[in-house]
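Engineer: Here is how the chains run, residue by residue.
There are 2 protein chains.
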Amino acid sequence: MTKKAVVLASGGLDSTTCIALAKSQGFEVYAMSFDYGQQHNAELDAVKRIVKKMAVKQHEIIKFSMDGIAQGSALTNSEIEVPDYQGDGEIPVTYVPARNTIFLSMALGWAEVLGAQDIFIGVSEVDYSGYPDCRPEYIEAFANMANLATKAGVEGNKLNIHAPLSHLSKAETIQLGLKLGVDYRLTVSCYRADHEGRACGQCDSCAYRKKGFIEAGVEDPTPYY
Amino acid sequence: MTKKAVVLASGGLDSTTCIALAKSQGFEVYAMSFDYGQQHNAELDAVKRIVKKMAVKQHEIIKFSMDGIAQGSALTNSEIEVPDYQGDGEIPVTYVPARNTIFLSMALGWAEVLGAQDIFIGVSEVDYSGYPDCRPEYIEAFANMANLATKAGVEGNKLNIHAPLSHLSKAETIQLGLKLGVDYRLTVSCYRADHEGRACGQCDSCAYRKKGFIEAGVEDPTPYY
Chain A
1 MTKKAVVLAS GGLDSTTCIA LAKSQGFEVY AMSFDYGQQH NAELDAVKRI VKKMAVKQHE
61 IIKFSMDGIA QGSALTNSEI EVPDYQGDGE IPVTYVPARN TIFLSMALGW AEVLGAQDIF
121 IGVSEVDYSG YPDCRPEYIE AFANMANLAT KAGVEGNKLN IHAPLSHLSK AETIQLGLKL
181 GVDYRLTVSC YRADHEGRAC GQCDSCAYRK KGFIEAGVED PTPYY
Chain B
1 MTKKAVVLAS GGLDSTTCIA LAKSQGFEVY AMSFDYGQQH NAELDAVKRI VKKMAVKQHE
61 IIKFSMDGIA QGSALTNSEI EVPDYQGDGE IPVTYVPARN TIFLSMALGW AEVLGAQDIF
121 IGVSEVDYSG YPDCRPEYIE AFANMANLAT KAGVEGNKLN IHAPLSHLSK AETIQLGLKL
181 GVDYRLTVSC YRADHEGRAC GQCDSCAYRK KGFIEAGVED PTPYY
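Line by line, the protein sequences give chains A and B. Numbering of the first sequence is given in the UniProt record's numbering, commencing with residue 1 and proceeding in unit increments. Numbering of the second sequence is given in the UniProt record's numbering, commencing with residue 1 and proceeding in unit increments.
These are calculated hints, taken from the structure and not from any lab test. The beta carbon of each residue, even a glycine, is placed where N, CA and C say it ideally should be. Hints may contain errors.
Unchecked claim - Chain A regions said to be covered by chain B (calculated; three or more residues, Cβ under 8 Å):
#1 11-21
#2 136-144
#3 176-188
What the hints assert, rightly or not - PhoX-like, lysine-lysine: derived pairs with alpha carbons at most 25 Å apart:
#4 LYS48/B / LYS4/B
#5 LYS63/A / LYS48/B
#6 LYS211/A / LYS158/A
#7 LYS3/B / LYS53/B
#8 LYS4/A / LYS179/A
#9 LYS63/B / LYS48/A
#10 LYS63/A / LYS63/B
#11 LYS53/B / LYS4/B
#12 LYS158/B / LYS210/B
What the hints assert, rightly or not - Over the 12 Å line for every Cβ pair with chain B, so calculated as not near, a few chain A residues:
#13 ASP45
#14 ARG99
#15 ASN100
#16 GLY109
#17 ALA111
#18 ALA149
#19 ASP194
#20 ARG198
#21 CYS200
#22 PHE213
#23 VAL218
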């Protein structure tokens, strides 16, 4: 029987690489995305194109309102401006409280229903914005909790949280993805992308992505406005 | 400054007791409920009455679709029948995959935005349905993960997950709540409650609740249909 994996898919560079990686490892991919009032909605358009092109088995978009939570982040509160890249080591205003925890929890529920024991998330602790929920020790703690939370875990079917990009730089992720045939033109990373999915080139996310293509020594296919 | 607490509020007996308990401990209560397609929607009507009566500071209802997850449980899939109480030690079909993890994750996000370091959840490992995400070791693992997930945790403002009913029987919870002035007539526990919030008296949840009132030696105020 083919192994199933739930892959968190944002439409960005990292999660798209995760889809390709999970497929290359023989998993049947169930992609999960979220419509949580993010301002950069171009990413949802992108992810729909990506899952179609990459022929994932099933794509689920979970829509939820989180007004109370959303007000804390520039990504979801239009009154907080998304700043240009700061690089000062502080957790930036684009941090969405508990976002990866909420996403992984939903993925956990779906994995249990599907009978999947594997969840992929494209976080990295290299070339990232300093969000606490991107660190390996966080992923490990989540996996530990997940195995106590679920019927599957209790019955001995261990759930694995894969963060395969954890120790890769953006450049290494790009090189890996290109080897796996990822078409990065389809991906949108920008926090301020326009309706056509074109990038600003100035925000945190653009800064890391641009640097990644330069260091990888490949042409940046990103359309900028 | 008054301490803030996020309290998960389902409209049932346990979470309503938690609201009273958090208030008695001096917390300003922020109640959080979920509209996730549960069939027993009478609980949302109940929780609205409860938070009003108990004068909580703010009430947030998070609405989300979780079709893929929901199909796995009798509480959210109308094609699976909610059975009468079985009491056979198996995890019953009313188990919703990863439910408490999803709820606690959302509470975590809200707590961080509010600057709250305390979250209350009314789970108990006594007189319960055998759901894995009601056990103390699960709650402990969640708290550990939460402190690695969040900006607050990273900055040393420890988040506490309170499960104050964990070691109480239903009867002890009822006695505690009555001392704190909880009006249990307002609460709905039944998985098959009708539109007026009246209970079936036969499902798992009703069975534990009925037994609780009998053992507590107080009259059961629950309206049954």
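Engineer: Determine for every hint whether it applies to the structure shown.
Structural biologist: How the hints compare with the structure:
Counting residues of the segment 11-21 of chain A whose CB lies closer than 8 Å to any CB of chain B gives 0, so the stated coverage by that chain is violated, three being the minimum. With 5 residues having a Cβ less than 8 Å from any Cβ of chain B, the segment 136-144 of chain A passes the three-residue criterion, so the hint holds. Closer than 8 Å: that is the beta-carbon criterion, and the segment 176-188 of chain A has 0 residues meeting it against chain B, so the requirement of 3 is violated. The hinted pair formed by LYS48/B and LYS4/B meets the criterion: a straight-line CA distance of about 20 Å does not exceed 25 Å.
Straight-line distance between C-alpha atoms of LYS63/A and LYS48/B comes to about 23 Å, which keeps the hinted pair within the 25 Å bound. The hinted pair formed by LYS211/A and LYS158/A fails the criterion: a straight-line CA distance of about 37 Å is larger than 25 Å. Restraint check: the Cα-Cα separation between LYS3/B and LYS53/B comes to about 21 Å, which is no more than 25 Å; the hinted pair holds. Simply put, LYS4/A and LYS179/A have alpha-carbon atoms about 23 Å apart, close enough for the 25 Å limit, and the pair holds.
Of the supplied pair hints, the one linking LYS63/B and LYS48/A holds, its CA atoms being roughly 23 Å apart against a limit of 25 Å. For the given pair, LYS63/A sits about 8 Å from LYS63/B by alpha-carbon distance, which is consistent with the 25 Å threshold. Pair hint LYS53/B plus LYS4/B holds up; C-alpha atoms about 19 Å apart against a cutoff of 25 Å. At most 25 Å may separate the alpha-carbon atoms for a hinted pair to count; LYS158/B and LYS210/B exceed this at roughly 38 Å.
Separation of ASP45/A from chain B is adequate, the least Cβ-Cβ distance of about 19 Å exceeding the 12 Å criterion. At the 12 Å boundary, the C-beta of ARG99/A falls inside the reach of chain B, the nearest C-beta of that chain being 7 Å off. For ASN100/A, the shortest C-beta to C-beta distance to chain B comes to about 7 Å, within the 12 Å cut-off, and the non-interface label is violated. Against the 12 Å criterion, GLY109/A falls within the reach of chain B, whose nearest CB is about 4 Å from its own CB.
Not every beta carbon of chain B lies more than 12 Å from that of ALA111/A, the smallest distance being close to 8 Å; the non-interface claim is violated. Listed as a non-interface residue, ALA149/A fails to keep its Cβ farther than 12 Å from every Cβ of chain B; the least gap is roughly 5 Å. Taking the minimum C-beta to C-beta distance to chain B, about 27 Å, the non-interface status of ASP194/A holds against the 12 Å cut. Taking the minimum C-beta to C-beta distance to chain B, about 30 Å, the non-interface status of ARG198/A holds against the 12 Å cut.
CYS200/A, annotated as away from the interface, keeps every beta carbon of chain B farther than 12 Å; the closest lies near 24 Å. For PHE213/A, the non-interface assignment is confirmed: its Cβ lies about 29 Å from the closest Cβ of chain B, beyond the 12 Å cut-off. Residue placement check: VAL218/A keeps its beta carbon more than 12 Å from all beta carbons of chain B (closest about 34 Å).
Hint check: violations occur at hints 1, 3, 6, 12, 14, 15, 16, 17 and 18; the rest are consistent with the structure.
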